[in-house]
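Peer 1: For the protein sequence lines, the chains are C and A, in the order given. When we follow this note's numbering, the leftmost residue of the first sequence carries the number 30, and every step to the right adds one. When we follow this note's numbering, the leftmost residue of the second sequence carries the number 30, and every step to the right adds one.
Any given hint could turn out to be false.
Any copy will do: because identical chains look the same in the list, a pair fits if it lies in one copy or spans two.
What the hints assert, rightly or not - Keeping only pairs whose Cα atoms sit at most 25 angstroms apart, straight-line, the calculated SDA-like set for lysine to any residue is:
| id | residue 1 | residue 2 |
| --- | --- | --- |
| 1 | Lys230 | Asp357 |
| 2 | Lys95 | Thr299 |
| 3 | Lys198 | Glu343 |
| 4 | Lys328 | Asp351 |
Please keep in mind that the hints were generated in silico from the structure rather than gathered at the bench. For clarity, every value in this text was computed on a predicted model and none was experimentally measured.
Protein chains: 2
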Amino acid sequence: MTQSFRRIALARYLRGLPEPEDFSIVTDPLPQPADGELLIHNIYASIDPGTRARLSQGPSYLPPLKLGETVGAFNLGQVLESRNPRFQPGDLVTWTCGWAEAGISNGRGYLARITDRSVPLAAWIGVLGIPGLTAYFGLSRLGQIAAGETVVVTSAAGMVGATAAQIAKLRGCRVVAVAGGPVKCAWLREELGIEQVVDHKAAADLGAAIAACCPDGVDVLFDNVGNASVDAILPLMRMNGRIVVSGQVGDYNLAGDQVHGIRNTRPFITHRVRMQGLVVFDDLREFPAAQAELAGWLKAGKLKYREVRYQGLEQAPSAFRDVFEGRDFGRHLLQLAPEPGDAAA
Amino acid sequence: MTQSFRRIALARYLRGLPEPEDFSIVTDPLPQPADGELLIHNIYASIDPGTRARLSQGPSYLPPLKLGETVGAFNLGQVLESRNPRFQPGDLVTWTCGWAEAGISNGRGYLARITDRSVPLAAWIGVLGIPGLTAYFGLSRLGQIAAGETVVVTSAAGMVGATAAQIAKLRGCRVVAVAGGPVKCAWLREELGIEQVVDHKAAADLGAAIAACCPDGVDVLFDNVGNASVDAILPLMRMNGRIVVSGQVGDYNLAGDQVHGIRNTRPFITHRVRMQGLVVFDDLREFPAAQAELAGWLKAGKLKYREVRYQGLEQAPSAFRDVFEGRDFGRHLLQLAPEPGDAAA
Numbered sequence: 030m031t032q033s034f035r036r037i038a039l040a041r042y043l044r045g046l047p048e049p050e051d052f053s054i055v056t057d058p059l060p061q062p063a064d065g066e067l068l069i070h071n072i073y074a075s076i077d078p079g080t081r082a083r084l085s086q087g088p089s090y091l092p093p094l095k096l097g098e099t100v101g102a103f104n105l106g107q108v109l110e111s112r113n114p115r116f117q118p119g120d121l122v123t124w125t126c127g128w129a130e131a132g133i134s135n136g137r138g139y140l141a142r143i144t145d146r147s148v149p150l151a152a153w154i155g156v157l158g159i160p161g162l163t164a165y166f167g168l169s170r171l172g173q174i175a176a177g178e179t180v181v182v183t184s185a186a187g188m189v190g191a192t193a194a195q196i197a198k199l200r201g202c203r204v205v206a207v208a209g210g211p212v213k214c215a216w217l218r219e220e221l222g223i224e225q226v227v228d229h230k231a232a233a234d235l236g237a238a239i240a241a242c243c244p245d246g247v248d249v250l251f252d253n254v255g256n257a258s259v260d261a262i263l264p265l266m267r268m269n270g271r272i273v274v275s276g277q278v279g280d281y282n283l284a285g286d287q288v289h290g291i292r293n294t295r296p297f298i299t300h301r302v303r304m305q306g307l308v309v310f311d312d313l314r315e316f317p318a319a320q321a322e323l324a325g326w327l328k329a330g331k332l333k334y335r336e337v338r339y340q341g342l343e344q345a346p347s348a349f350r351d352v353f354e355g356r357d358f359g360r361h362l363l364q365l366a367p368e369p370g371d372a373a374a
Numbered sequence: 030m031t032q033s034f035r036r037i038a039l040a041r042y043l044r045g046l047p048e049p050e051d052f053s054i055v056t057d058p059l060p061q062p063a064d065g066e067l068l069i070h071n072i073y074a075s076i077d078p079g080t081r082a083r084l085s086q087g088p089s090y091l092p093p094l095k096l097g098e099t100v101g102a103f104n105l106g107q108v109l110e111s112r113n114p115r116f117q118p119g120d121l122v123t124w125t126c127g128w129a130e131a132g133i134s135n136g137r138g139y140l141a142r143i144t145d146r147s148v149p150l151a152a153w154i155g156v157l158g159i160p161g162l163t164a165y166f167g168l169s170r171l172g173q174i175a176a177g178e179t180v181v182v183t184s185a186a187g188m189v190g191a192t193a194a195q196i197a198k199l200r201g202c203r204v205v206a207v208a209g210g211p212v213k214c215a216w217l218r219e220e221l222g223i224e225q226v227v228d229h230k231a232a233a234d235l236g237a238a239i240a241a242c243c244p245d246g247v248d249v250l251f252d253n254v255g256n257a258s259v260d261a262i263l264p265l266m267r268m269n270g271r272i273v274v275s276g277q278v279g280d281y282n283l284a285g286d287q288v289h290g291i292r293n294t295r296p297f298i299t300h301r302v303r304m305q306g307l308v309v310f311d312d313l314r315e316f317p318a319a320q321a322e323l324a325g326w327l328k329a330g331k332l333k334y335r336e337v338r339y340q341g342l343e344q345a346p347s348a349f350r351d352v353f354e355g356r357d358f359g360r361h362l363l364q365l366a367p368e369p370g371d372a373a374a
């Protein structure tokens with residue numbers, strides 16, 4: 030590591046799909062940690078569709094990123110310097126930094142030491158990280174799934190969706206996974222063993238296709254897509270059904286008036302439907318217990334995932350675009366540096 | 030009471046606003062109660078917008094009324110004959126029967142003896158009945174309101190909305206009431222003492238008009254209108270905001286594609302918004318305690334209401350139309366027989 034580092038800054042606000050010109054690479058001098066702070070060198074950065082929300086100037090309630098600021102991401106890194114007694118140089122941590130080779134943490138918020146090296150390191154920002162935890166707490170705290178219930182998961186070939194589909198199955202639910210195209214659907218069926226898979230690209234009417242798999246209706250919709258899928262599935266909700274708004278990837282790139290409007294709201298009253306959005310950091314204190322359960326399933330071969338890896342900071346914008354274009358599927362991950370051989374041993 | 034009774038039957042499925050031809054008056058012989066049953070003579074029947082939901086052939090998930098069946102309503106009546114040990118002839122009860130002069134109860138479900146005659150009898154199917162209880166449990170169980178929070182109530186001049194606005198105020202909340210037209214707004218301000226009232230008919234942009242009253246946002250939206258108001262107010266929701274779907278009076282008469290679509294769903298994630306529909310019968314066991322608290326406020330002059338009374342069964346269809354046309358406001362009530370002078374004394 031030299032005395033400078035690179036980061037990807039927002040160069041202009043996005044309109045529709047991300048374009049290369051929306052981003053710029055900036056080189057900054059390596060900062061020095063103040064008292065209580067840490068300097069962290071990033072090994073991985075996530076490529077998440079949710080990042081899109083703050084990259085355009087939308088309605089005023091969500092402050093957009095300022096131009097020139099680093100694009101946000103979840104990271105896995107190694108402590109280079111520590112002026113915080115809870116961390117030592119060499120510690121591997123997960124944290125929130127961005128598309129950047131290094132950064133300063135104030136030692137608070139989402140910053141956790143990695144304790145279990147018996148799983149692949151990158152799993153800690155994937156199936157054991159924010160996407161896996163989103164699936165875990167979305168199904169438990171908001172979805173309150175119970176064995177025997179029918180759970181529909183949209184965008185099920187993505188990391189959040191695939192983890193949710195598998196957790197619901199492990200909890201004894203009937204799972205219907207929705208994904209686009211034969212390759213993703215085959216992976217869900219053959220690799221993950223999800224028995225009921227709906228290809229939304231092949232279905233003229235998504236609601237009807239899901240209804241055919243769920244003759245008795247849907248108890249929980251774990252949705253990653255947004256308004257169009259919520260609207261299609263609302264009429265299938267059973268009494269006391271729950272809709273977990275985990276992501277809105279289908280809506281992020283649309284202007285306000287292009288977004289699909291949810292019209293089928295009568296089941297909110299007739300079927301006591303509850304719809305709630307998830308921000309997984311509300312469950313921060315429960316992360317270690319959830320990660321232990323997820324790691325157990327992972328090591329037992331009961332929880333699988335698929336990774337799409339990009340090498341080098343400069344790949345971030347095109348990787349980000351790939352996420353929305355659905356070129357590949359699974360966890361999109363940016364590798365910024367080699368993994369340390371035995372740093373945490 | 031003779032050996033026959035009259036009832037209003039559904040003659041054809043409604044399209045849009047209710048028309049006189051949608052209903053017919055049927056005379057039937059007075060039925061005899063079987064073992065466990067009661068014959069009840071109705072004194073009042075409610076005229077509720079929510080009744081509209083089952084009067085048209087909509088999507089399959091909600092079974093519509095069959096043609097020839099009695100239009101549903103909440104009733105207050107007196108037991109004529111009882112073959113149920115829990116009730117005696119002369120008992121005054123609230124129950125679910127319909128627009129009918131009499132009917133048979135099986136003794137189960139929503140059937141409760143009126144215990145407190147120190148309030149007006151009709152209050153038992155108004156502010157102490159389903160509308161008042163809807164306001165009460167919508168704000169408590171779903172809205173989880175707390176003192177100091179900002180609560181927006183739509184259709185606030187209706188019985189449910191007006192009760193909700195007053196309960197929220199009694200619980201120490203800041204209340205913004207939304208109603209249409211200067212007469213309703215003046216009543217809310219002057220009679221009920223609601224300080225912040227928005228006239229949606231005078232506001233070009235409902236969201237902006239409410240935002241002007243709520244510079245720090247909205248904690249709870251208690252909505253009686255439907256998708257258009259939910260969509261307008263969603264961007265104002267504060268962190269962990271709750272939307273209580275109490276009624277959808279603005280949508281009941283619209284065909285599916287005419288219904289407003291909710292587009293502003295991003296706050297579900299960014300602000301952890303929870304939206305949930307209420308069916309007040311889920312709180313059946315808690316009714317007596319809630320009614321005692323409501324009756325206390327009523328007797329202390331802290332809870333007010335406005336009644337629009339129609340006389341005679343044949344008035345039901347036009348009264349029902351009046352509800353949707355907003356000709357008057359408050360509890361619309363159909364009186365079918367005189368109140369007994371001292372029956373429960």
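Peer 1: Each hint should be assessed against the structure and marked as holding or not.
Peer 2: Hints, one by one, checked against the model:
1. Lys230 <-> Asp357: within (15 angstroms within a copy, 50 angstroms between copies)
2. Lys95 <-> Thr299: Intra 44 angstroms, inter 18 angstroms, cutoff 25 angstroms: inter-copy only.
3. Lys198 <-> Glu343: neither (38 angstroms within a copy, 56 angstroms between copies)
4. Lys328 <-> Asp351: Close neither inside one copy (29 angstroms) nor across copies (66 angstroms); limit 25 angstroms.
Figure legend: structure checked against the earlier numbered hints; hints not met, in rising order: 3 and 4.
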